[in-house]
Amino acid sequence: MSQRDRIRMSDDEIESFLATARKLQIASVNADGTPHLVTMYFAPLDGDLAFWTYGKSQKAVNLRRDPRITCLAEDGVGYDQLRGVTVYGEAELIDDLDQVAAFGTALVARYPEVFGTDVEAMRPYVDQQARKRLLVRVHPKRTASWDHSKL
Numbered sequence: 070m071s072q073r074d075r076i077r078m079s080d081d082e083i084e085s086f087l088a089t090a091r092k093l094q095i096a097s098v099n100a101d102g103t104p105h106l107v108t109m110y111f112a113p114l115d116g117d118l119a120f121w122t123y124g125k126s127q128k129a130v131n132l133r134r135d136p137r138i139t140c141l142a143e144d145g146v147g148y149d150q151l152r153g154v155t156v157y158g159e160a161e162l163i164d165d166l167d168q169v170a171a172f173g174t175a176l177v178a179r180y181p182e183v184f185g186t187d188v189e190a191m192r193p194y195v196d197q198q199a200r201k202r203l204l205v206r207v208h209p210k211r212t213a214s215w216d217h218s219k220l
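Every letter in the sequence shown is one number past the one before it in the working numbering, and letter 9, counting from 1, is 78.
Pairs of lysine-lysine residues, derived as DSSO-like cross-links and limited to a Cα-Cα distance of at most 27 Å, are as follows:
#1 210 to 125
#2 219 to 92
#3 125 to 92
#4 210 to 92
#5 125 to 201
#6 92 to 201
Honestly, the hints are just simulated from the structure, not real lab data.
Since the structure is predicted, the reported quantities are computational estimates derived from the model, not experimental observations.
With the sequences and hints as input, model every part of the structure.
The structure is reproduced here in structure tokens:
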């Protein structure tokens with residue numbers, strides 16, 4: 070068994086890791102071919118990764134033109150603690166207001182350290198933001214993972 074095989078996470082380990090990861094690095098392709106890389110809050114959505122973004126953001130512009138996307142969630146400080154999941158996929162941009170608002174509510178609930186614990190009190194914020202945002206759902210094509218604690 071190769072070292073690469075030893076550190077690969079199982080599907081259950083990936084799901085568990087992504088359920089607790091706090092930030093997702095998102096790479097889209099700029100018009101000139103260079104990567105556009107940003108860090109976003111995210112939430113799992115029916116087995117896919119998802120985040121919301123302003124409809125006029127650079128990542129939205131890029132993903133409308135070219136839906137290819139790479140997402141990275143990582144954790145750890147010391148080499149023996151490094152863990153991560155990279156998802157290579159295709160982005161689906163959803164502008165249905167009800168779906169965007171429902172996702173916004175789920176996102177607010179996922180991050181109480183950012184938005185507070187009273188999700189209902191955040192409803193006006195979510196509703197106002199949903200009018201300007203898109204839901205981006207990442208349909209995975211390929212996944213890579215590593216967990217150095219397995220070494």
